[in-house]
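K.L.:
Given only the sequences and the hints, what does the whole structure look like? Please build it.
Respectively, the protein sequence lines represent chains A and B.
Reminder that position 282 of the first sequence reads as 274 in the numbering used here, one-by-one numbering, no gaps.
Positions in the second sequence are counted from 1; adding 1282 to them yields the numbering used here.
Keep in mind that the hints are not guaranteed to be accurate.
Cβ-Cβ distance ranges computed for the label pairs, FRET-style [claimed, not checked]:
1) B:S1317 x A:I95: 29 to 39 Å
2) A:K39 x B:E1482: 50 to 60 Å
3) A:N293 x B:S1425: 23 to 33 Å
4) A:H168 x B:M1483: 38 to 48 Å
In silico lysine to aspartate or glutamate, EDC-like type, Cα no more than 20 Å apart, as pairs [unchecked claim]:
5) A:K181 x A:E302
6) A:K381 x A:E397
7) B:K1487 x A:E4
8) A:K154 x B:D1346
9) A:K364 x A:D304
10) A:K432 x B:D1346
11) A:K86 x B:D1465
12) B:K1412 x A:E461
13) A:K230 x A:D266
14) B:K1475 x A:D260
15) A:K(-5) x A:D260
16) B:K1471 x A:E415
17) B:K1456 x A:D304
18) A:K46 x A:D12
19) B:K1284 x A:D12
20) A:K39 x A:D80
From chain A, some residues computed to sit far from chain B (all C-beta separations above 10 Å) [to be verified]:
21) V27
22) S64
23) G197
24) G219
25) E264
Everything labelled a hint here was simulated from the structure, so no lab data went into it.
The beta-carbon is built from N, C-alpha and C at its ideal position, and this holds for glycine as well.
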Amino acid sequence: MKKTLYDKIWNEHLVHENKDGSSLIYIDRHLVHEVTSPQAFDGLGIKKRNIWNKNSIFAVSDHNVPTKNRASGIDDKISKLQVDTLIDNCKKHKLSYFDLNNINQGIVHVIGPELAITQPGMTLVCGDSHTSTHGALASLAFGIGTSDVEHVLATQCININKEKNFKINITNSLSHLVSSKDLILHIIKIIGTSGGTGYTIEFTGNCIENMSIESRMTMCNMSIEAGAKSGLVSFDSKTFDYMLNRKYSPSKQHLNSAIKYWETLVSDSDAEFDKTLSFDAADVLPQVTWGTSPEMTTDINGKTPDPENENDSSKKQYIQRALDYMGLEANQDIQSIKLDKIFIGSCTNSRIEDLRQAAKILEGYKISDHIKQAIVVPGSGHVKAEAEKEGLDKIFIKSGFEWREPGCSMCLGMNNDSLLPYERCASTSNRNFEGRQGDKGRTHLVSPSMAALAAIKGHFSNVVEFINEK
Amino acid sequence: MKNKIIEGQVIPFDQSNIDTDAIIPKQYLKSIKKSGFGPFLFDSLRYTDPGDLGTTEKRNLNSDFVLNIKPYSDGNIILANDNFGCGSSREHAVWALKDYGIEAVISTSFADIFYRNSFKNGLLLISLKKDELENIFDEISASPKYNLTINIQNQTITTPNSQVYSFTISDADKERIIFEYDDIELSLKYKDKIRNYESEMKLKKPWIFENNND
Ligand code: SF4
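P.N.:
Put into structure tokens, the structure is as follows:
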């Protein structure tokens, strides 16, 4: 029978099928961070259970860590306790941990692929919904809650039901300076935040084939914002190139057998999907979210919606509530929206490619006087080092951005980087929920080059037109 | 046959896409414990002043928010619109709902990770059809004191005027709520099978088990 990539990875990891339709699936990699793990380690201790496969675990602190003055440690006592708890748990159980001074430290979803902890065909979990990112390397990766973190620690398996297969096929190529972030926002705008619930999404088509691994990660990263726990891209020559010569790439001894296995990690050509949708990449313009859900998106030439145009009263309310929260009027031009802060970072857009795109726009420009703060937070120590090697840090600093240490930072503002009430931010992160970047803060999701241009102009503007003039 | 009945006041929360950031904001995720999240449930909607872990001052209630309005403030069953629990995987959201005293959430649909987290902690989630959900919303706005009875074994909800709606949940989830199983214990029944699988894979895909940690 013809199989999808998802079916293949699933079957390969199936340990046991329960009578009720759920299955025990073996987990190859378990990434652990400080926020969703302490209660799981506690649970193990209480029941005196052992960790099944310590080699499968890689831990890092990222959510709660300072992005400046690292040498002076973590000020916030409660944050420090959480990070220290992870360090203690890793010591106690002898687990791999990357501390704050280690070049391998960074956002868990940036370092996994970058260090080749994530490899094609693996099953990978983390107590974090954006684990979907890792699917860009043809691995089955998804976020889990803390009870499941404990379950995987103790059994190396997860007990789940199989999802359905959803193919999103993207033809043609994106216009110059329109990025995979714009593409995924465009898709979420159309299918909605629950459009992928119950499915694993595989992204296919020549647009994806031509896309870098980094851009594919941005697509898979945000499949959770469409409700799908996992996004996937089949293995190809780009995945192959990406996997070589990284810290945890397969050893020489096993590399050839690994490659042989990887080459099978594609959906069979006539495999049946439960649902298929097609998009034309050439239709996609730069996107900006106007509301408090990633589906509340429009293109850069668009306006905020008018609730009066909705017949359904709950839809009307839904739009009005978002406009009120965001401090926007109905029918307002997106380009008229003025900004206070700019954030370039997060597991969606903090890889080297993202920083290059932003720097390219900023080079030779200063950020607008209206902007109170603009920060760039590289996704990992390696991204930071590479950017510095290329001189990107100097471009950012010269234009008025702050150049920070790696972490989640203002994506969720668990450290000191957050929005003050009513501040408005152009952010390359993935969630514009109420309060996400700070209590009463207002978030507009955009691509790195759109965020850079918003910094220069002080309001949203079309990066495609700008570069023609530049 | 063992059963569990949940009975109580409904809290009508007529919004869709209620995300886990709203259920429990990030500042509380710094806690390394599983308990004590109840006072911070829906924190930024529930209070007018900002809060943080360890804040001991009395907070100002937002009198417009449904949890602060009588009789809903005595409720233990949330009624909400589509796609409840979307966003972050934080199980703290479920711990907060449980700690506050919520025993069931009724909606048309739930986000996947939230769904799993809920049953793992004995929080019952019920999906109803859109028109059924709207009927209940309408009835509550007509008479706010509104108690539902949920019979888990029979998978039914009975309204104050004796209307009965049925719902589906998997047998496994039903048992999780009724018996409060330890999932790890159940999986470890198959530990020999897991071990055999692992040994087979160590031969077939040895690179998976490498970890050249220094
Ligand atoms: S960068 Fe943001 S979305 Fe990504 S893992 Fe960190 S907090 Fe989560």
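K.L.:
None of the hints should be skipped; say for each whether it holds.
P.N.:
Evaluated hints:
Restraint check, S1317 of chain B to I95 of chain A: a C-beta distance of roughly 38 Å satisfies the suggested window 29 to 39 Å. Between K39 of chain A and E1482 of chain B, the C-beta spacing of about 28 Å breaks the proposed range 50 to 60 Å. In this structure, N293 of chain A and S1425 of chain B break the distance hint of 23 to 33 Å, their C-beta atoms being roughly 49 Å apart. Remark: the range hint 38 to 48 Å for H168 of chain A to M1483 of chain B is upheld by a beta-carbon distance near 45 Å.
At roughly 16 Å between alpha-carbon atoms, K181 of chain A and E302 of chain A fall within 20 Å of each other, so this suggested pair holds. Of the pairs offered as hints, the one joining K381 of chain A and E397 of chain A holds, with about 15 Å between alpha carbons and a cut-off of 20 Å not exceeded. Distance check on the hinted pair: K1487 of chain B and E4 of chain A sit about 11 Å apart at the alpha-carbon level, within 20 Å; holds. Simply put, K154 of chain A and D1346 of chain B have alpha-carbon atoms about 42 Å apart, too far for the 20 Å limit, and the pair is violated.
Note on K364 of chain A and D304 of chain A: the hinted pairing is violated, with a Cα-Cα distance of about 39 Å set against a maximum of 20 Å. In summary, the hint linking K432 of chain A to D1346 of chain B is supported, as the alpha carbons are separated by about 17 Å, within the 20 Å threshold. Restraint check for K86 of chain A and D1465 of chain B: not satisfied, since their Cα atoms lie roughly 25 Å apart, outside the 20 Å limit. The straight-line distance between the Cα atoms of K1412 of chain B and E461 of chain A is roughly 51 Å, outside the 20 Å bound, and the hint therefore fails.
A C-alpha spacing of about 27 Å is found between K230 of chain A and D266 of chain A, which places the hinted pair above 20 Å, so the restraint is violated. Restraint check for K1475 of chain B and D260 of chain A: not satisfied, since their Cα atoms lie roughly 29 Å apart, outside the 20 Å limit. Restraint check for K(-5) of chain A and D260 of chain A: satisfied, since their Cα atoms lie roughly 6 Å apart, inside the 20 Å limit. A threshold of 20 Å between alpha carbons decides the hint, and for K1471 of chain B with E415 of chain A the separation of about 53 Å lies outside it, so the pair is violated.
For the suggested pair K1456 of chain B and D304 of chain A, the alpha carbons sit about 35 Å apart, so the restraint of at most 20 Å is broken. For a cut-off of 20 Å, the pair hint linking K46 of chain A to D12 of chain A is broken: about 30 Å separates their Cα positions. A threshold of 20 Å between alpha carbons decides the hint, and for K1284 of chain B with D12 of chain A the separation of about 19 Å falls inside it, so the pair holds. Restraint check for K39 of chain A and D80 of chain A: the C-alpha separation of about 18 Å stays at or below 20 Å, so the hint holds.
Not every CB of chain B lies more than 10 Å from the CB of V27 of chain A, the least distance being 5 Å, so the non-interface label is violated. Every C-beta of chain B lies more than 10 Å from that of S64 of chain A, the closest at about 19 Å, which supports listing it as non-interface. The non-interface label for G197 of chain A is consistent with chain B: the shortest C-beta to C-beta separation is roughly 25 Å, beyond 10 Å. Listed as outside the interface, G219 of chain A is inconsistent with that label: its C-beta sits roughly 6 Å from the nearest C-beta of chain B, within the 10 Å cut-off.
Every beta carbon of chain B lies more than 10 Å from that of E264 of chain A, the smallest distance being close to 22 Å; the non-interface claim holds.
In summary, the structure is inconsistent with hints 2, 3, 8, 9, 11, 12, 13, 14, 16, 17, 18, 21, 24 from the numbered list given earlier, while agreeing with the others.
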